[in-house]
Amino acid sequence: MTTLPRNPFPVNWPARFGWLALAAYVVWAAAQLDFTWSRFVSGLDNAQRFLSRMFPPNFSGDKWEMIVKGLTESLEIAIIASAIGIIIALPIGLMSARNLSPVWISWPARLVIALCRSFHPVIVAIIFVKAVGFGAIAGIGALVIASIGFISKLFAEAIEEISLKQVEAVRASGASFFNVLTYGVLPQVFGRFLGFCTYQLDSNLRNSTMVGIVGAGGVGGTLFAAFQRFDYDFVLAILISIISLIFAGEILSNILRAVFLDNKTISGWFGKGTSTTTVAKRGEEE
Amino acid sequence: MSTPDATTAGMNAINREWRRFTFEQRFIRFAFYFIAVAALVMSLRHIEFIPEFLYDAPAQVQDFFARMWPMDTAYYGKSVHDALIETLNIATLGTLLSILLAVPVGMLAANNLVPFAPLNYFAKLILVSSRSVNSLVWALLFIAVFGPGALAGTLAIAFRSIGFVGKLFGEALEECQRGPIEALTAVGAPKASVFTKGYWPQVKPAFWSIALFRWDINVRESAVLGLVGAGGIGMAMDTAQNLFRWDQVAVVLLTIFVVVILAELIVTYIRKKVL
Amino acid sequence: MTDRSLKIRGLVKEYKRGVPVLKGIDLDIAGDGITAIIGPSGTGKSTLIRCINRLVEPTSGQILFQGMDLAQLKGAELRAARRRIGMVFQEYNLVERLTVMENVLTGRLGYMTAFKAWLRKFPPSDIEEAYSLLDTVGLANFANQRADSLSGGQRQRVGIARAVMQHPEILLADEPTSSLDPKTSVEIMELMADLAGKRNIPVVVNIHNVELAKRFCGRMIGMTGGKVVFDGDPSALTDANLKEIYGGENWIE
Numbered sequence: 001m002t003t004l005p006r007n008p009f010p011v012n013w014p015a016r017f018g019w020l021a022l023a024a025y026v027v028w029a030a031a032q033l034d035f036t037w038s039r040f041v042s043g044l045d046n047a048q049r050f051l052s053r054m055f056p057p058n059f060s061g062d063k064w065e066m067i068v069k070g071l072t073e074s075l076e077i078a079i080i081a082s083a084i085g086i087i088i089a090l091p092i093g094l095m096s097a098r099n100l101s102p103v104w105i106s107w108p109a110r111l112v113i114a115l116c117r118s119f120h121p122v123i124v125a126i127i128f129v130k131a132v133g134f135g136a137i138a139g140i141g142a143l144v145i146a147s148i149g150f151i152s153k154l155f156a157e158a159i160e161e162i163s164l165k166q167v168e169a170v171r172a173s174g175a176s177f178f179n180v181l182t183y184g185v186l187p188q189v190f191g192r193f194l195g196f197c198t199y200q201l202d203s204n205l206r207n208s209t210m211v212g213i214v215g216a217g218g219v220g221g222t223l224f225a226a227f228q229r230f231d232y233d234f235v236l237a238i239l240i241s242i243i244s245l246i247f248a249g250e251i252l253s254n255i256l257r258a259v260f261l262d263n264k265t266i267s268g269w270f271g272k273g274t275s276t277t278t279v280a281k282r283g284e285e286e
Numbered sequence: 001m002s003t004p005d006a007t008t009a010g011m012n013a014i015n016r017e018w019r020r021f022t023f024e025q026r027f028i029r030f031a032f033y034f035i036a037v038a039a040l041v042m043s044l045r046h047i048e049f050i051p052e053f054l055y056d057a058p059a060q061v062q063d064f065f066a067r068m069w070p071m072d073t074a075y076y077g078k079s080v081h082d083a084l085i086e087t088l089n090i091a092t093l094g095t096l097l098s099i100l101l102a103v104p105v106g107m108l109a110a111n112n113l114v115p116f117a118p119l120n121y122f123a124k125l126i127l128v129s130s131r132s133v134n135s136l137v138w139a140l141l142f143i144a145v146f147g148p149g150a151l152a153g154t155l156a157i158a159f160r161s162i163g164f165v166g167k168l169f170g171e172a173l174e175e176c177q178r179g180p181i182e183a184l185t186a187v188g189a190p191k192a193s194v195f196t197k198g199y200w201p202q203v204k205p206a207f208w209s210i211a212l213f214r215w216d217i218n219v220r221e222s223a224v225l226g227l228v229g230a231g232g233i234g235m236a237m238d239t240a241q242n243l244f245r246w247d248q249v250a251v252v253l254l255t256i257f258v259v260v261i262l263a264e265l266i267v268t269y270i271r272k273k274v275l
Numbered sequence: 001m002t003d004r005s006l007k008i009r010g011l012v013k014e015y016k017r018g019v020p021v022l023k024g025i026d027l028d029i030a031g032d033g034i035t036a037i038i039g040p041s042g043t044g045k046s047t048l049i050r051c052i053n054r055l056v057e058p059t060s061g062q063i064l065f066q067g068m069d070l071a072q073l074k075g076a077e078l079r080a081a082r083r084r085i086g087m088v089f090q091e092y093n094l095v096e097r098l099t100v101m102e103n104v105l106t107g108r109l110g111y112m113t114a115f116k117a118w119l120r121k122f123p124p125s126d127i128e129e130a131y132s133l134l135d136t137v138g139l140a141n142f143a144n145q146r147a148d149s150l151s152g153g154q155r156q157r158v159g160i161a162r163a164v165m166q167h168p169e170i171l172l173a174d175e176p177t178s179s180l181d182p183k184t185s186v187e188i189m190e191l192m193a194d195l196a197g198k199r200n201i202p203v204v205v206n207i208h209n210v211e212l213a214k215r216f217c218g219r220m221i222g223m224t225g226g227k228v229v230f231d232g233d234p235s236a237l238t239d240a241n242l243k244e245i246y247g248g249e250n251w252i253e
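Protein chains in written order, with our numbering: chain C, 1 to 286; chain D, 1 to 275; chain B, 1 to 253.
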């Protein structure tokens, strides 16, 4: 045994070195990107002017019409892209789950997912604009690709985490492949799948407000044009509208989860009925 | 086969119809399905759709890929490489800055750390606003303030990431076990020590994995910021695209693809080895 | 009534090449009564049972049941055979997020088209039978609760109801009581013996508890090292036999 004095708080040299390296990197990178104090200060000056031109937000007649038109298109793009994306993502996700699919199916499926995920929706939108021209169809195409990449990947991961014991029991009853899926697999992943879908709808909505910047339809085009005209009070009006819409979407998806996962009912929300889960929990305590 | 339970079954034969859900549950589910389908149908009918453009699409795509080949590999050394380094710096600095900004907001949002509801809601409002505005829109805002360039890009990445990092960090804090924290409070440790010795060790793994995950996302995001003038590899792409130099665009796309894959591999490796 | 006996011939299972877990099992199981398989952990009891309904693929050998070799079946034929083989699992293996009723009805899935199963359109006679089974196992009031809200003993009752729901012609039970307390274990064994007895279903059960096995089973099979080393009446099982099956002797009181 060593007779060295024991040190209850040994210095973690690799960690210290790591922090030092990080600090050095920050200094170097900031210099590379030409971040200087004077730029920052003059920026603050700009910010003041910028903000004062933003207020009050401009919701006047014709502007409001443009916002509504743009947001409607964005919403439509998001809904259609989510629907198509989810329908395609379901089988791809299932195929790429390594605990249910043989390697020769899961590998190509994983490759498709990797391809869909590797490019930002805006870049995909540029390619689609080139292929199908300016407008909503390009936006839908870009967001379908993004949805496939996101949902299939998470869906596959969810399936890979399920309990195979439950699946085994359903299989032992002689159920067909599809019945095993609907009774053994789906109940275990449905909640998470619903979560991914509502998240994706949400994220498609956010992205659909953006693909317009490259000409793929929706409110993004209006927003970009307003920026280029220095029409900042209109910019703020558009931003407020986008945020409100996304907020509303988030509330809706919370309700959706409550209905489908906790079997909430309308009376449940007003405290009269009890959901099955609460009953179930009570049963366990007894 | 004889069923000895037949008598019992006969006795209880009333009220034996089995349904998976109650009427109300079925009604509300049906309502949701109906709304979803209705929304989809309405969207499909209303959306602007020019079939002529679609007929043309296969030819256009073919033309697009034909113009990409052969790639103008010289473009990499000329413009892409420096822009790529700039992109990586924007992503990394933006992530670091977002962590600095998001940690306090995340702490404010955690109800067990700050047991004061109005502050929690205020913090959550900041987080939601940050996430609702897209990084490209953040970039446009910062370009209006600081002018075009990497500074606007870095700030856009940072502000867009606050919502993500802050939300997940706040949730990790809220999931902390109470035991160690109560023990520290019981010995009369000051608040700061309770945080560094009680909460931090519990959230440390989550913190690093959130940071890495966000960095991975930010590499992708920062690649497109240049399209609106916020620096990085997107600017090289924008230039090439405006000149219809698809052979150069192809080089940029390939570079982005490789970098994104590498970033993901690095993050997966670090998560496996270190965390 | 069709013949419900089972013949196993030269059954070998290797998970890793050249390392057999089952080293050529030969067994005849009669078409009625309860047969217990006892033996130390890791000796292949579970593997043997799972080979019968092919949750584990046998490496070689024959499993003869009603004129078919279960080891050779594929696809639809295998599924049709599985319908006639009920199984009760150690950890119940209920689909936790489905209700008790849905879990019991899972036993009928082999007879349902995908679309009808998806919509839960089970024939009224199935639902009626499921309710009466739930009455028998004492869980009728739990029909619409989720399976993960039940206690271990309750779950195993549902597991048994699910297996019986298949109208099985043989019932396999893979350590059905190992996750339960002693009192519940006895109740579960009683329930299984009762249900199977009334319906004339032969039962093959893997079990760790020798006393429990002696109490309920008409025949004991002792396995060790992937081979059958004892086969006979429970009363014929001596301490010497147990020593051979489990090794050592300090644990025998």
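Read the hints as simulated data drawn from the structure, not as lab findings.
Beta carbons: idealized from backbone N, C-alpha and C, even for Gly.
Any given hint could turn out to be false.
[As the list claims (entries may be wrong)] Computed, partial: chain B to chain C, Cβ under 8 Å: (1) 47; (2) 53; (3) 57; (4) 79; (5) 87; (6) 98; (7) 114.
### Task
Return the status of the interface hint for residue 53 of chain B: holds when the least beta-carbon distance to chain C is below 8 Å, violated otherwise.
For residue 53 of chain B, the interface hint holds, since the closest Cβ of chain C sits about 6 Å away, which is under 8 Å.
- Message: Restraint: residue 79 of chain B near chain C, CB-CB cut 8 Å. Satisfied or not?
- Response: For residue 79 of chain B, the interface hint holds, since the closest Cβ of chain C sits about 5 Å away, which is under 8 Å.
request  = Using Cβ atoms only, decide whether residue 57 of chain B comes closer than 8 Å to chain C, and label the hint accordingly.
outcome  = Where the cut-off is 8 Å and the nearest Cβ of chain C is about 13 Å from residue 57 of chain B, the hint is violated.
(Q) Next item in the hint list is residue 98 of chain B. Is there a CB on chain C closer than 8 Å to its CB? (A) Residue 98 of chain B check passes; min Cβ-Cβ to chain C is 5 Å, inside 8 Å.
For the hint on residue 114 of chain B, does the least C-beta distance to chain C fall short of 8 Å? Hint holds; residue 114 of chain B Cβ to chain C Cβ min 4 Å, cut 8 Å.
>> Next item in the hint list is residue 47 of chain B. Is there a CB on chain C closer than 8 Å to its CB?
In response: Check failed: Cβ of residue 47 of chain B comes no nearer than 14 Å to chain C, outside 8 Å.
Given a cut of 8 Å on the nearest C-beta pair, is the interface hint for residue 87 of chain B held or broken against chain C? holds (4 Å)
Comparing the model with each earlier hint shows violations of hints 1, 3; every other hint is respected.
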